[in-house]
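Number of protein chains: 2
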Amino acid sequence: MGIKTVAVLGAGHGGCAAAADLGRRGYSVRLHAYNAARLEPLRERGGIEVRGVQQGLVPIDLVTTDLNAAVRGADVIMLVVPSIAHEPYARALAPIIDEGQPIFLNPGHTGGGLHFLHALRRAGYRRHVMSCETVTLTYITRMEGPASVNVYSYTSRLRFAALPGRHVDAMFALIKPLYPNIVQASSVLETGLGNINAVFHPPGMIMNAGWIERRHGDFLFYREGITEAVGRVVAQVDAERLAVAQALSVPAVPFIDMFHQAGLTTDAARDSRNIARACEDSEPNRTIKAPPLLDHRYIHEDVGYGLVPMAELGRLAGVATPTIDALISLAGLAVGIDYRAEGLTLERLGLAGKSPAELMRFVETC
Amino acid sequence: MGIKTVAVLGAGHGGCAAAADLGRRGYSVRLHAYNAARLEPLRERGGIEVRGVQQGLVPIDLVTTDLNAAVRGADVIMLVVPSIAHEPYARALAPIIDEGQPIFLNPGHTGGGLHFLHALRRAGYRRHVMSCETVTLTYITRMEGPASVNVYSYTSRLRFAALPGRHVDAMFALIKPLYPNIVQASSVLETGLGNINAVFHPPGMIMNAGWIERRHGDFLFYREGITEAVGRVVAQVDAERLAVAQALSVPAVPFIDMFHQAGLTTDAARDSRNIARACEDSEPNRTIKAPPLLDHRYIHEDVGYGLVPMAELGRLAGVATPTIDALISLAGLAVGIDYRAEGLTLERLGLAGKSPAELMRFVETC
Chain F
1 MGIKTVAVLG AGHGGCAAAA DLGRRGYSVR LHAYNAARLE PLRERGGIEV
51 RGVQQGLVPI DLVTTDLNAA VRGADVIMLV VPSIAHEPYA RALAPIIDEG
101 QPIFLNPGHT GGGLHFLHAL RRAGYRRHVM SCETVTLTYI TRMEGPASVN
151 VYSYTSRLRF AALPGRHVDA MFALIKPLYP NIVQASSVLE TGLGNINAVF
201 HPPGMIMNAG WIERRHGDFL FYREGITEAV GRVVAQVDAE RLAVAQALSV
251 PAVPFIDMFH QAGLTTDAAR DSRNIARACE DSEPNRTIKA PPLLDHRYIH
301 EDVGYGLVPM AELGRLAGVA TPTIDALISL AGLAVGIDYR AEGLTLERLG
351 LAGKSPAELM RFVETC
Chain R
1 MGIKTVAVLG AGHGGCAAAA DLGRRGYSVR LHAYNAARLE PLRERGGIEV
51 RGVQQGLVPI DLVTTDLNAA VRGADVIMLV VPSIAHEPYA RALAPIIDEG
101 QPIFLNPGHT GGGLHFLHAL RRAGYRRHVM SCETVTLTYI TRMEGPASVN
151 VYSYTSRLRF AALPGRHVDA MFALIKPLYP NIVQASSVLE TGLGNINAVF
201 HPPGMIMNAG WIERRHGDFL FYREGITEAV GRVVAQVDAE RLAVAQALSV
251 PAVPFIDMFH QAGLTTDAAR DSRNIARACE DSEPNRTIKA PPLLDHRYIH
301 EDVGYGLVPM AELGRLAGVA TPTIDALISL AGLAVGIDYR AEGLTLERLG
351 LAGKSPAELM RFVETC
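Chains as they are written, first to last, in the numbering used here: chain F, 1 to 366; chain R, 1 to 366.
Please note: incorrect hints may appear among the correct ones.
As the list claims (entries may be wrong) - Covered by chain R, per the in silico footprint, the following chain F stretches (three or more residues, Cβ under 8 Å):
{"id": "1", "stretch": "115-127"}
{"id": "2", "stretch": "210-218"}
{"id": "3", "stretch": "320-330"}
{"id": "4", "stretch": "334-343"}
{"id": "5", "stretch": "352-361"}
Stated by the list, open to error - Per the computed footprint, the stretches of chain R lying under chain F, defined by three or more beta-carbons under 8 Å from a beta-carbon of chain F, are:
{"id": "6", "stretch": "197-210"}
{"id": "7", "stretch": "224-230"}
{"id": "8", "stretch": "313-326"}
{"id": "9", "stretch": "330-338"}
What the hints contain is simulated information worked out from the structure, not anything from laboratory work. Note that the Cβ used here is the ideal one computed from N, Cα and C, for glycine as well.
Use the sequences and the hints to build the structure in full.
Below, the structure is given as structure tokens:
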């Protein structure tokens, strides 16, 4: 009784990659987006043109703006959307999902599942939830046209957790056939606190803010933007993240080791423990330019749905996070958004007022 | 009984400018530096070659590494040294200055006089002190060789205060003939909280840290480095500075108006209230490049002896300074210095444990 039918919610880079990849591999895929104009080119083309890990034109069984039609009876509902869309999707799904219908946040970043669950319940959903998540997308991918996507690879060794955590074996068995590269994590706190994008994207953006704005990102983000000084700030953000994890007894691995495990840098750079060097020596990121604007997911997502929930978990655990706090403040001023109010607060995570012990019980049993 | 003899302590850009300018104008100048190698070229040349507001070779009456010889009987002792040198100079001067011998910190940045006084007293000096200070140097100047200096201009409308403040009329009358551009301020808190370099240099450095390190400062600091996002952070630093001043009933003027009053930007830019635009439109700063390294006074001085004492005065006044705090944290990580410990704390300012009312009395009467 494995998965046959997948509802993919979201038709951006990740959603189209998932629809094409899973469709090519024989799953019945329904692809949903709210924006009809986004889906129109797929209808005209009769599917999604894919290259990379799959090849060719992949027909999609259902391409729709009707959420109910997309999710009804699906064996898994996979949200492949920006974190900011989790809450509206939860409100829309609350009246229409079946009890225990599996939900997969791909990705959940830091606290995505907790946020989604809290929003479902606030929308009146009272039955059991079975959700799961990875910290980043299961694909390295980029759309190359309105109906074509290049899926460079599957993300390797991607940590996977369930919410509530007690269902992790069942959820892992369910999703593993879709994504054999996932590895089981102890809880959504482990996946969430393993969000390395949140550790190094915000310092890279804030400490190059003038360069990005003035030159429209015309420099190499990893090779040139993560200098020694930026690397020292990244290292301190990482130390605070590890301290929060330790206070909550959540397994966590230093940034530089995760970066290396993900195949993003050399053995020598890892052994140097120098983050600037690890980024400079990142062959897969060698040609990636900086974003052309600060108004970008490296800030919106990695601060609001990365650093903010890390700082908030620190607050819950009684661990100070001054460097993370500094970046949240400056990022907010830089782009004119109060991330401390708009990001994933304990309130939005459904964790307000909980003690560390209550938090640990909650992620296990909800 | 005006000033005839000036002891200039420090033989860098500012010290050489002061020695040459005042020497040319007929004052008897003694020039002191601890580093004999710094003075050797001046001895060989028989003085300082000056151009700009003065011209020609200016002989200096005494060029010495002997502090006692430099200051004995001088009508004013002018410290033209980095803030970090105030404390060692105070220790060295404590046993040798006369009671009430005028001391002029040129410049004092934020809290220089308080720091100097506290260090004098810790070194055992128990008599009356007569010190005064400006927030920045009285010259716009740059050395062009080991014995030659270009004095572009005198700094205009420079706020001047005395410590203790009750002597301000006497001190102002004493120094005004040397520097007619000074204007009297209510206290060293007004000069110190009017430190606009501390308001915009640190955001400009931190938010361009990668650019500076990677390109060795090869961009225009004011015209290119202070973008809209950087300007928004500068504006928030400025708002916090003004809030601290207001809580202490210290007169303070917004950054953009001070920048305009100093002749650094256009009427239109001032009226726009847009700091990025004011910096872009700064004609005098048009060609100034960024520093080649983060290891520079734009951080060391403007954070440690600018933002730190502002944050500390905020703490004393009960005013939160989260943006200033954020910049102090990131600057410290960027250059590997704990400015919260090394900079001008309330302890180093001699203000530990004082209430706002006690602070106001202290700057008046010490």
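The hints, checked one at a time:
1. As drawn, the stretch 115-127 of chain F meets chain R at 0 residues by the rule of a beta-carbon pair under 8 Å; below three, the given contact is violated.
2. For the stretch 210-218 of chain F, the stated coverage by chain R holds: 4 residues have a C-beta nearer than 8 Å to a C-beta of that chain, and at least 3 were required.
3. With 7 residues having a beta carbon nearer than 8 Å to a beta carbon of chain R, the stretch 320-330 of chain F meets the requirement of three or more and the stated coverage holds.
4. A stretch counts as covered by a chain when three or more of its residues have a beta carbon under 8 Å from one of that chain; for the stretch 334-343 of chain F and chain R the count is 3, and the coverage holds.
5. Evaluation of the coverage hint for the stretch 352-361 of chain F: breached, as 0 residues show C-beta separations to chain R shorter than 8 Å, against a requirement of three.
6. Check result for the stretch 197-210 of chain R against chain F: holds, 6 residues qualifying (beta carbon to beta carbon below 8 Å, three or more required).
7. For the stretch 224-230 of chain R, the stated coverage by chain F is satisfied: 7 residues place a CB nearer than 8 Å to a CB of that chain, which reaches the threshold of 3.
8. Counting residues of the stretch 313-326 of chain R whose C-beta lies closer than 8 Å to any C-beta of chain F gives 4; at least three are required, and the coverage claim holds.
9. Under the rule that three or more residues need a Cβ within less than 8 Å of chain F, the assignment of the stretch 330-338 of chain R holds, with 5 such residues.
Checked against the numbered hints given earlier, the structure breaks hints 1 and 5 and satisfies all the rest.
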